[in-house]
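What follows is the residue order along each chain.
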Amino acid sequence: MMPATRALVCIVCCAAALSASSVRDDGIAAFHDGRYSVAFEKLKQAIQKDPADLQARVFLALTEAARNDCKSALAGFSSLGELADNTLARLAGIAAARCLQTTGNNSAAFVLLHKLAQRFPKDADVLYILAKFHMRAFTDTTMAMFQHTPASYRVHQLSAEIFEVQGRYDEAISEYRRAISLNPAAPNIHFRLGRALLMSAHDPKVLDQARAEFTAELKLSPEDAACEFQLGQIDQIQNRQDGARRHFERAAALSPDFPEALVALGRVHLQEKRYQEAIPLLERAVKLQSANEAAHYALMMAYRNTGQTEKARAEQVVLQRLQKPPEGEFTEFLKKLGEKSPNQ
Amino acid sequence: MLRFRLAVVLLASASATWLPVYRNIAADAGLTSVIPNGGNKTKQLIIETTGSGAAIFDYDNDGLPDLFLVSGEGGTNMLYHNEGRNRFRNVTEDSGLHSSGWGQGVCAADYDNDGYTDLFVTYYGQNHLYRNLAGKRFQDVTAKAHLIQNRSRYNTGCAFVDVDNDGFVDLFVANYLRFDPATTPKPGDNPYCYYRGLPVACGPRGLPFDRNVLYRNNSDGTFTDISDASGIAAPSGHYGLGVVAGDFNDDGMPDIYVACDRTPSLLYINQGGLKFTEEAMLRGVALDQHGRALSGMGVAAADYADDGRLSIFRSNFSDEMASLYRNVGNGNFDEATVPAGMGRNTRYVGWGAGFLDVDNDGWPDLLLVNGHVFPEVDKLRIDIRYRDRAILYRNLQDGAFQDISESSGPGILERHPARGAAFGDLDNDGSIEVLINNQNEPPSLLKLADHAPGHWVILHVEGTRANRSAIGARVKLTSGGHTQLQEVQGGSSYLSQNDLRLHFGLGSATKADRIEIQWPGGARQILTNVAADRVLVIRERF
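Chains as they are written, first to last, in numbering that gives the first Met the number 0: chain A, 0 to 343; chain B, 0 to 541.
Excised from the complex, chain A in its bound form:
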């Protein structure tokens, strides 16, 4: 080809590419402005001119999703494959997950959202949508439960747990009691009732009521370490040191990796000045849970009281590092969920 012809071809091709990218940019701008019909037309044109324009294809699918045409949008997203660009991948993932949920494909939405959360673990939008997804799944399942099994003890158990999260402990207690009356042998409800009683009031009288529930739970689940631990704590507050020690010993025996039980037992030994018995328990607790402030504190005191000043100072350093800024309201809210941790 003659140089002049080559130059002409180049000018024509470059002009076409320039024109395609210009149309695409107009489409993206229209998308961002919420002018979806304009965006749709422009992006279509851009893809016709350059079918390989990834940005145009992503934004076309996003536009289709925004226009509630989830079928086309999902087809568009699936044709894209794994996107390397983080910004595009995030936008496409969020829109695709919403579309999947809208079209009733919850399991695919679930998988996609968790993939997104792994890739963008600190992204507020991703986490928000994931939280909403779970919330909706929770609501749908709860509704189904209330519709199909209204007389089930589980309905009352779930109601109680919801009230508990809302801090409405009196109502939670009442619902737990109804659940127990319908199924006295159901595991874990006496435990939850005991906890709700402890949270419901500051009156020392609730300690005895909670004790009765934890004891009832132990009859159903004789090897429940969490119940033993709770009973130990009640005994401690009520100045029944021997009882506390027995319960904590049993909790630690039932669940040797239960750090709170080890710390509680260690503290009993500390109070009784049996430091040599306390130290191995507390050392084990900090090994199991390196961020357990109670364990480090008790260990620091044990070392101090046995003259092991350097070890005590080392624990002090850890403890000072762990002294976090005060927790916010949301953490308090989560605490109220009151689930047993796996090692209990």
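Think of the hints as simulated: they come from the structure by calculation, not from any bench.
Glycine included, C-beta positions come from ideal geometry on N, C-alpha and C.
Don't take every hint at face value.
Computed footprint of chain B on chain A; a stretch qualifies when at least three of its residues, placed anywhere within it, have a C-beta under 8 Å from a C-beta of chain B [stated by the list, open to error]:
hint, segment
1, 295–306
2, 316–322
Quick list of simulated restraints, FRET-style, between CB atoms [unchecked claim]:
hint, chain 1, residue 1, chain 2, residue 2, range
3, A, A123, B, E92, 36 to 46 Å
4, B, V33, A, L181, 25 to 35 Å
5, B, L395, A, P255, 31 to 41 Å
6, A, P255, B, G480, 48 to 58 Å
7, B, K185, A, I161, 49 to 59 Å
8, B, G271, A, K204, 48 to 58 Å
9, B, I147, A, I161, 26 to 36 Å
10, B, L395, A, S151, 49 to 59 Å
11, A, K43, B, P207, 50 to 60 Å
12, B, Q396, A, S151, 52 to 62 Å
13, A, L321, B, L395, 33 to 43 Å
Pairs of lysine to aspartate or glutamate residues, derived as EDC-like cross-links and limited to a Cα-Cα distance of at most 20 Å, are as follows [said to hold, decoys possible]:
hint, chain 1, residue 1, chain 2, residue 2
14, A, K204, B, E278
15, A, K204, B, E277
16, A, K272, B, D224
17, A, K310, B, E277
18, B, K378, A, D169
19, A, K204, B, D306
20, B, K378, A, E170
21, A, K272, B, D287
22, A, K310, B, D402
23, A, K272, B, E319
24, A, K204, B, E405
25, B, K143, B, D179
26, A, K272, B, D333
27, A, K310, B, E278
28, A, K272, B, D305
29, A, K204, B, D382
30, A, K286, A, D241
We have chain A; now place chain B onto it with these hints.
The following block gives chain B in isolation, referenced to the frame of chain A:
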């Protein structure tokens, strides 16, 4: 002889079964003026929540302790003269103590050793030192004493304490936080401005920290800020409130403990040479048994367990236990809250607190006043309330206490938004009265309806080589084979000053067999066979 023994046995058993009945005699005593302190139904700023303190001190040396109450914005601090027979006269206007602003705490001592007890009042803004002019009136000598601060500070607890035992009391001032009403967020503005879902005054969480201050008394009527050089300003990240000074490690030099809100509390150990190191964490008085920083407010120190050492009690927030730290020697402490029977009261926000021997059995009991920070809490209709009752613990003489609040009379059970509390025997009858500063209400004045069964003695110790107020003097009193230890303390309770005189219950003993005074600086003085049921003035002899 047999009759005497029988009488002793009867008296001892009477003490064990006797229950105190406290009444609030404030109105009859003439204490009717309301002390303003921020909002009553809602509070917009944290400054409305922390005031204010109270003091019991004898400003005119007539032998009858007088009363002083610190006011929040919109009122004046008040001085009441003790007229005798439990009547008090408001002498604020003539005393030179009329004031304005956000008053917080108060401490009292004779800083210039002229024989008259002076007053120091802390503020959000500028503190004030009032010199007592021969018991007639007070003169504001803040500027003259070089105590003007170069910026507005949120000063809270204070204590006069002779840190170098040079015979002149120095001055410690705790600081809460850096506060500017113009820039502090309003209720609900951020997550630190909520309580149980209610928008409330923000803080202390989320607000910037400040440092504590130590002023050295130059022995010429002026003070020098030695906060940096002494190490007092070194700790950062603490919201300081109540203060008590005492020799916690028995080395003859006074240490300083500061109750801190939402952050680890502080124990400044006196190293001598005007140097301090902060050692609360390792010594076991910074955190609770779970390794968590609680919301410390008020503080009291006493030898409650007959250890011969000063232990520490600290009042905390609701949903927390109060903290009792037993001194196990060498200035180390073990938390004893739960084994001592103080683990069950968790609904109260505690403030003023004091060890006092209610029944004169020779064992310090403990009284704690309460009231929530946020008036808004009443909207929740739960068992935590803005106005709440006091708590009285009886010392069971075995390291444990019994909560006898419910059976200790209407004065204990009345509900108030209490803050500062000062302790002292106002009528020299051998029973301690309690002056309580209630927010936006008249103060309470708790008095026993009946005399306590045991014998007693009140010691008014006066330094001559030591500082005149004898702050830091340690008194060991032995009667009937039982030895008690007390120290004349600067600060204490919540932003308050107790009567500087020491009250000892003697139980069935009609005399103190031995009184040993260790004066600041180390001199000792011993008295024997001191008859009971009287106020005794002891001057330092050398």
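Results for each hint:
| no. | hint | in the structure |
| --- | --- | --- |
| 1 | 295–306 | holds (count 7) |
| 2 | 316–322 | holds (count 4) |
| 3 | A/A123 to B/E92: 36 to 46 Å | violated, 60 Å |
| 4 | B/V33 to A/L181: 25 to 35 Å | violated, 56 Å |
| 5 | B/L395 to A/P255: 31 to 41 Å | holds, 38 Å |
| 6 | A/P255 to B/G480: 48 to 58 Å | holds, 49 Å |
| 7 | B/K185 to A/I161: 49 to 59 Å | violated, 32 Å |
| 8 | B/G271 to A/K204: 48 to 58 Å | holds, 51 Å |
| 9 | B/I147 to A/I161: 26 to 36 Å | violated, 58 Å |
| 10 | B/L395 to A/S151: 49 to 59 Å | holds, 51 Å |
| 11 | A/K43 to B/P207: 50 to 60 Å | holds, 56 Å |
| 12 | B/Q396 to A/S151: 52 to 62 Å | holds, 56 Å |
| 13 | A/L321 to B/L395: 33 to 43 Å | holds, 36 Å |
| 14 | A/K204 to B/E278 | violated, 38 Å |
| 15 | A/K204 to B/E277 | violated, 40 Å |
| 16 | A/K272 to B/D224 | violated, 43 Å |
| 17 | A/K310 to B/E277 | holds, 19 Å |
| 18 | B/K378 to A/D169 | holds, 17 Å |
| 19 | A/K204 to B/D306 | violated, 33 Å |
| 20 | B/K378 to A/E170 | holds, 18 Å |
| 21 | A/K272 to B/D287 | holds, 18 Å |
| 22 | A/K310 to B/D402 | violated, 38 Å |
| 23 | A/K272 to B/E319 | violated, 25 Å |
| 24 | A/K204 to B/E405 | holds, 14 Å |
| 25 | B/K143 to B/D179 | violated, 27 Å |
| 26 | A/K272 to B/D333 | holds, 11 Å |
| 27 | A/K310 to B/E278 | holds, 16 Å |
| 28 | A/K272 to B/D305 | holds, 19 Å |
| 29 | A/K204 to B/D382 | holds, 13 Å |
| 30 | A/K286 to A/D241 | violated, 27 Å |
Consistency note: the structure conflicts with the earlier hints numbered 3, 4, 7, 9, 14, 15, 16, 19, 22, 23, 25 and 30.
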